[in-house]
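Trainee: One-letter residues, chain by chain:
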Amino acid sequence: MIVTKKREFNELMENIRNYKSVFLLGCSECAALCGTGGEPEVKEMKDVLESQGKEVTGTFVAKSGCQVLGTKLELKPFKDAIDKADCIIVMSCGAGTQTAVELYENKPVLPANDSLFLANMTRLKVFDERCSLCGKCILDKTGGICPVTRCAKGLINGPCGGSQGGLCEVSKDTPCVWQLIYARLGKLNQLHFLKESSQPKTKLVHPRKLIREDLKSKKEQIKGA
Amino acid sequence: MGFKEALNSKKFLVTAEIGPIKGTEVQEIIEDAELIKERVDAINVTDLQSSVMRLGSMAVCHLLIELGIDPIFQLTCRDRNRLALQSDLLSAWVLGIRNVLALTGDHPTLGDHPQAMPVFDLDSVSLLKVISMLNEGFDMVGNQLKGAPDFLPGAVVNPGADTEAALEMQIIKMERKLEAGARFFQTQGIYDLDLFEKFMKRVESYKTPVLGGVILLKSAGMARFMNKNVAGVFVPESLIKEMEETKDKVKTSVGIAARLIKGMKYLCQGVHIMAIGWEKKIPMVLEEAGL
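Here the protein sequences come in this chain order: A and B. So in my numbering, the last spot in the first sequence is 225, and the numbers never skip. So in my numbering, the last spot in the second sequence is 516, and the numbers never skip.
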């Protein structure tokens, strides 16, 4: 999931100071899990904005805010409410915000949240970064634990000499991921992987785009069956 | 005799370390280097040690060459990508630098510019491979060089890693560094010769010179600070007590360092002295150690 954090409310108010009316768009996926853009948060935002003298012309929580076509369809019934609003506030991640930007080219779209990282929700309220979407997975060699993401230096050829008591020198409440990898490879009888040296990481060129010609549309799936 | 010849001569090696200052006043560095140059086989020059912005290692190495010293250019992956690392290596060679110590480098958050972008495009192992490729006349993607360097590449190892997993991985990484071309190793500061002996037994089959690290203790406080904050360094309580009770800190510090060096003569192929500001005391240490 994409973990998000609510931006300071004052900052949001500053951004919409010239607008009288807003439409609120949440997301039922990650933002809902993070408590930054599900039904309750959207309702709360509506109440607060109204108490501050703003008109809320409508609200909607998209199924997946990052899915442009789906969100477009879902928002059709809200055309009037969106037309009436001076701006749209999106309570999801940066991807969701830019879905709205793509759909409403003449309407200012503002983010209510900061997008932080791709996270595993390891416990209620706890989000841990485990994958950095680097584009070249090495989990097969590291016991399934990612050093690119979980080592402060992203080291792929074993640890630096800086851990103390099994903890990372950069943040003392974070385990040295290479010690976790060592322990897990040991349990799996796979310590030999540590002796293989890894190729330097390949840096990403942004923005990335993927076209999956092999993916079938729903119609094609039905035809095929 | 340059460091490479000293390494091949099988003599007990002595290297020291100089840390460039923040600024352009190089007089003290030059004084320190002049004072120790006859006593050491090479002088390491650190690369923004502790991730603190300072004068660069390459420039100071060049100054040392002008004094007739063979420097060991410390090069970290902290703030240079693969283009800059390779280019700096070529630049270093044309400035007369012949020895490189390849390091991953401290994280910028530990230094005085914690907001700096951490690079770590390569790491110590891949940097050693790059040095080996440059030596063979190619850059890391296989393009041919017009004129190739012939560096002596070295690396570091931390024999005092404090957990079994950390130590095992230090040894595995040492093997990888060897495969990548490391021809000598310098270690983190060592205070426990028994532990070091066990480590040396583990790595003696590699047949590659190891220079044991000796950090001069300036005070009991410094020892306690290192025990708490410097990974792999553990000063035993008995040495801390010696420093605490002495009336002459310099004499005691020199005595402790000399004892450690005497012990290391039987365990490894040389010593690497990190004086951290007390460079002028290095001749006394070597005198007392009989070197």
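No lab work stands behind these hints, which were simulated from the structure alone. Please note that the accuracy of each hint is not assured.
Negatives, chain A to chain B, calculated, CB over 12 Å [as the list claims (entries may be wrong)]:
#	residue
1	Pro-40
2	Ala-95
3	Ile-156
SDA-like mimics (lysine to any residue), calculated; alpha carbons at most 25 Å apart, straight line [to be verified]:
#	chain 1	residue 1	chain 2	residue 2
4	B	Lys-262	B	Pro-434
5	B	Lys-371	B	Asn-360
6	A	Lys-201	B	Asn-306
7	A	Lys-172	B	Ser-275
Where chain A lies over chain B, by a calculated footprint (3+ residues, C-beta under 8 Å) [to be verified]:
#	region
8	338-349
9	370-380
10	393-399
11	403-414
We put the beta carbon where it would ideally sit given N, CA and C, even for glycine.
Trainee: If a hint holds in the structure, say so; if it does not, say that too.
Mentor: Hints, one by one, checked against the model:
no.: 1; hint: Pro-40; verdict: holds, 36 Å
no.: 2; hint: Ala-95; verdict: holds, 24 Å
no.: 3; hint: Ile-156; verdict: violated, 7 Å
no.: 4; hint: Lys-262(B) - Pro-434(B); verdict: holds, 21 Å
no.: 5; hint: Lys-371(B) - Asn-360(B); verdict: holds, 12 Å
no.: 6; hint: Lys-201(A) - Asn-306(B); verdict: holds, 11 Å
no.: 7; hint: Lys-172(A) - Ser-275(B); verdict: holds, 17 Å
no.: 8; hint: 338-349; verdict: holds (count 6)
no.: 9; hint: 370-380; verdict: violated (count 0)
no.: 10; hint: 393-399; verdict: holds (count 5)
no.: 11; hint: 403-414; verdict: holds (count 3)
Comparing the model with each earlier hint shows violations of hints 3, 9; every other hint is respected.
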